[in-house]
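> Each chain is listed here by its residues.
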Amino acid sequence: MAITDAVPSRAGQSGPDERSGIRRYPSRRGRANWAALLWVLPALIAYGTFELYPLVQTIRFSFYDWDGVGPATWAGLDNYAGVFTNSEQFASIEHAFILIIFFSVLPVALGLVAASIIREARAGVLGTLGRVVLFIPQVLPLAAAGIIWTWIYAKDGLINGFLTAIGLGKLATDWLANFSTALPAVGLIGCWVSLGFCTVLLLSGISKIDPTLYEAVRLDGAGRYQEFRAVTLPGLRREIVVAASVTVIAALSSFDVIYVATNGGPGYQTIVPGLEIYHLTFTSQQVGAGSALAVLLTLLILVVILPLQRLARES
Amino acid sequence: MRIPRREQTTNVLILLTLMMFTLVPLLGVLSTALQPADRVPTGFDAPWPLHWENFSEAWRIANVLPLMWSSTVIVLAVVPTAIVLATLAGFGLAQPRVPGGRFLSMLFIAGLTIPAEALISPLYYQMQSFGLLNNRLAIILPLIGLYMPFGVFWMRTHFAATPVELIEAARLDGASPARIFWSVQLPLARSALSALMILFFLWTWNQFLLALVLVNDPLKRTVAGALGAFQGQYSTNIVLLCAGSLLIIAPSLLIFFVFQRQFIGALLQGSDR
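Residue numbers (this note's numbering), protein chains in the order written: chain A, 1 to 315; chain W, 316 to 588.
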């Protein structure tokens, strides 16, 4: 969902800002500013009631066996063990990592290509147009992306129609119902959504690179590949980390697209943690098991994001 | 700088391919939406003659107007409230010598990595105990809370970056914190606030999970949440499904094209901080 899409990226980015923020207010000796807390109170109440309190509840639920209605019984770590022994729950975590390739690696790579091209064509109409067009999927609800692509992938859909038209009808398949194509197919939807975001983000980084660097490597006779290796890539380190963080979180906590496109099927070929939590909690009434998976998902995101953020801070 | 012609041609080709990748699915849906509604379309048919009447049919069955209204109500309740709370807290935490200020800032930032799926079942029981299930407030209240980590962090960063001389000057003139907030900080925060507004708007308008779980009636959901129900209902009538989906996403597209510069800017600032 949108919050997890774009928000958490800044988590560790706070480092530099944090410090500069404090530097700008010289800490003069004086009375503690208790009154300032009043300004924070309303936000803290909203945050505590609707985010911190539910999080604590999730952690609590995860140690119980509970159907959501009747009495709950203490389960210790059983629900956590379940995540690793239940093949569907474990598959959801594996899939989340596979989705990183499609939601994150692919769009960042393609975004680098697109951004480099748009930089060279900066003044051109094509560059401006490219930026706007590639960005369109980013403003649509993810559920809409799911619906659009469900039809593209359908048996009588656009892709199979095209394959038949060029004489490759043999390759036509029901992409989202086929066990071997379903996961890459939903992954590609994520790539479609993120490409524009990555491109525009990387583009804003490229525009901060000193243009004379490009002139210099070209004068040294470097080809476009060396130019990319020597100038673009090092100059974009921070932007690449940001793009990777946002899209990796989107991959690990994906829900909307997959709910709409496959609902986890066929079988549990496209199940992801978010969807599995939803199914466990609201379909099969295993609130404890769903909560344990939710806690693990939260930890997983932290474990993946923190090293990424450190990378950005070093640069 | 001169770029060799051959490179330029490859450049244009690659960029056009990527643009096609983005546009073709949308155009495919448009072409499907214009085919006769009474038979199963095939993906590659030219939609001729154009059946524009599908859109008026979809407009009726998708309840587009009530849906837009519902989303608008939710946006109008969430966005201003979240902005006010985040701005106040951001200002509070940007002041010097706040007891526990550093801890509070970290507490808000910690919220940035929590996925909504990890909160959804307690939120369900919470809304149940408030008697708010199937009420728009069940979407509105949690969203305000969920936006606090980003909003507070965003505004605090902005306020803390204001040149300290300005604040000092105002303080020497005897201005109270409230006065400094209103007369010095807020006027300087216009771009930060408008970026925050665009982000909150998008996240709310496109919110899916909370709407799906907490509100049963599609007409009380956000546009995105209603799309899910719409798909379930009309999964067999592909033409109307496509037409309806296009109608439902049209306003976001329209707003994006009008404000595309601001949108792209806001989303970029939002991730660059």
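Simulated from the structure, these hints should not be mistaken for laboratory data.
By construction, the Cβ of each residue, glycine as well, lies at the ideal position given by its N, Cα and C atoms.
Do not take every clue at face value.
[To be verified] Pairwise CB distance ranges (calculated):
#1 A:84 / W:391: 22 to 28 Å
#2 A:98 / W:391: 50 to 56 Å
#3 A:125 / W:577: 32 to 38 Å
[Said to hold, decoys possible] A few chain W residues that don't get close to chain A, going by computed Cβ distances all over 12 Å:
#4 322
#5 384
#6 432
[Unchecked claim] If you only want the chain W side, here are some residues facing chain A, beta carbon under 10 Å, derived:
#7 338
#8 431
#9 462
#10 484
#11 487
#12 489
#13 490
#14 509
> Run through the hints listed earlier and report the numbers of any the structure violates, in increasing order.
As far as the earlier hints go, 1, 2, 3, 4, 6, 10, 11, 12, 13 and 14 are violated by this structure, in ascending order.
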